[in-house]
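Chemist: One-letter residues, chain by chain:
2 protein chains.
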Amino acid sequence: MITVLRLGHRPGRDPRVTTHVTLTARAFGADKVLVSTKDPVLERTVRAVVTKFGGSFEVETGVQWRRVIETWRGPVVHLTMYGEALDAVLPKIPPGEDLLLVVGATKVPRDVYDLATFNVAVGNQPHSEVAALAVFLDRFLAGKELTRTFAGRIGIVPSKRGKTVVESESSHRNR
Amino acid sequence: MITVLRLGHRPGRDPRVTTHVTLTARAFGADKVLVSTKDPVLERTVRAVVTKFGGSFEVETGVQWRRVIETWRGPVVHLTMYGEALDAVLPKIPPGEDLLLVVGATKVPRDVYDLATFNVAVGNQPHSEVAALAVFLDRFLAGKELTRTFAGRIGIVPSKRGKTVVESESSHRNR
Numbered sequence: 001m002i003t004v005l006r007l008g009h010r011p012g013r014d015p016r017v018t019t020h021v022t023l024t025a026r027a028f029g030a031d032k033v034l035v036s037t038k039d040p041v042l043e044r045t046v047r048a049v050v051t052k053f054g055g056s057f058e059v060e061t062g063v064q065w066r067r068v069i070e071t072w073r074g075p076v077v078h079l080t081m082y083g084e085a086l087d088a089v090l091p092k093i094p095p096g097e098d099l100l101l102v103v104g105a106t107k108v109p110r111d112v113y114d115l116a117t118f119n120v121a122v123g124n125q126p127h128s129e130v131a132a133l134a135v136f137l138d139r140f141l142a143g144k145e146l147t148r149t150f151a152g153r154i155g156i157v158p159s160k161r162g163k164t165v166v167e168s169e170s171s172h173r174n175r
Numbered sequence: 001m002i003t004v005l006r007l008g009h010r011p012g013r014d015p016r017v018t019t020h021v022t023l024t025a026r027a028f029g030a031d032k033v034l035v036s037t038k039d040p041v042l043e044r045t046v047r048a049v050v051t052k053f054g055g056s057f058e059v060e061t062g063v064q065w066r067r068v069i070e071t072w073r074g075p076v077v078h079l080t081m082y083g084e085a086l087d088a089v090l091p092k093i094p095p096g097e098d099l100l101l102v103v104g105a106t107k108v109p110r111d112v113y114d115l116a117t118f119n120v121a122v123g124n125q126p127h128s129e130v131a132a133l134a135v136f137l138d139r140f141l142a143g144k145e146l147t148r149t150f151a152g153r154i155g156i157v158p159s160k161r162g163k164t165v166v167e168s169e170s171s172h173r174n175r
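Protein chains in written order, with our numbering: chain A, 1 to 175; chain B, 1 to 175.
Calculated from the structure, these hints are not laboratory results.
Since this is a predicted model, take the numbers as computed values, not measurements.
Keep in mind that a hint or two might mislead.
Coverage of chain A stretches by chain B, computed from C-beta distances (three or more under 8 Å per stretch; other residues unrestricted) [stated by the list, open to error]: (1) 60-70; (2) 140-150.
Computed list of lysine-lysine pairs in DSSO-like fashion (alpha-carbon distance at most 27 Å, straight line) [said to hold, decoys possible]: (3) B:K163 to A:K107; (4) A:K144 to B:K38; (5) B:K52 to A:K163; (6) B:K92 to B:K144; (7) B:K52 to B:K38.
Chain A is faced by these chain B residues, among others (derived, beta-carbon under 7 Å) [what the hints assert, rightly or not]: (8) G74; (9) G123; (10) P158.
The C-beta atom is built at its ideal place from N, Cα and C for all residues, glycine as well.
Bound-form chain A, shown alone (with noise of 0.2 Å):
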């Protein structure tokens, strides 16, 4: 099982990002994003995109993120610009423990960098968590987490042009 913990989501002047770290999760593999702030409006978000496409992805918030990194059983990674080099963590990183992933905004609080067990760059350049997100689950799960399917109540049927939308009543819109 992988959680994503995201730090430093402040609600109303920012939202998007934390809505593109949170789905951003759901489809590159996660079980559940946990946000430090309390922000019913981004858990309403994310619930209706589940609902409407699917799976069992999970989102609290306002959770105390030092209690959640300090009582967690498995592997904390904590995605930064300042960490190792991905390719030399990856390794090390026991498969099959319940895995803890934390991104943060802007400013990260010191403790979370002893906190981890493991702090890791996605490239050692200033981009984005959603990024380092995305590119950290790609690589964990070799790829396969973009052949997963969600089994929604709607789905998205590969199209070279256009968009091609099957609803579970089975039928069939190309728009």
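Take the given structure of chain A and dock chain B to it, following the hints.
Modeler: Then chain B, alone, in the frame of chain A:
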């Protein structure tokens, strides 16, 4: 050369996602970002990062997206959840040609699907253009982009704990 064309950016309303797109493009091996809406603030933000962290990355806002796509010499890849599977398309993209990667926000004009050489889905689930861009580039460049050096005024040294920043005056700071 790899250029990213960003559509649907709304300055002021959601500046951060386009900043994430742009910095992700730079960190994951693209050479330039074109944004279809004029945004001097975004340009300044990105240029400040380039000045500090190095490389020759360029950003240009207020471009005519249709003209860019129509006059492009080389493959045009539109990243969309409705497209063909990434694994299926990657081997078809001719190497060594100038690549234009198109990423949208919520709504992308229908014409883009027709004008693109390939419509590519990084998974057929809703997530994030930042994630799609990062994973596409990581797969397209076979992970080599993460080990590139940018030779900037500021450099990050991979570290197990904390932050090791090197400045070009060779002064080491461990914060």
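Chemist: All the hints need checking, so say for each whether the structure fits it.
Modeler: Results for each hint:
no.	hint	verdict
1	60-70	violated (count 0)
2	140-150	holds (count 5)
3	B:K163 to A:K107	holds (12 Å)
4	A:K144 to B:K38	violated (39 Å)
5	B:K52 to A:K163	violated (41 Å)
6	B:K92 to B:K144	holds (20 Å)
7	B:K52 to B:K38	holds (23 Å)
8	G74	violated (19 Å)
9	G123	holds (4 Å)
10	P158	holds (5 Å)
Against the hints set out earlier in the document, violations occur for numbers 1, 4, 5, 8.
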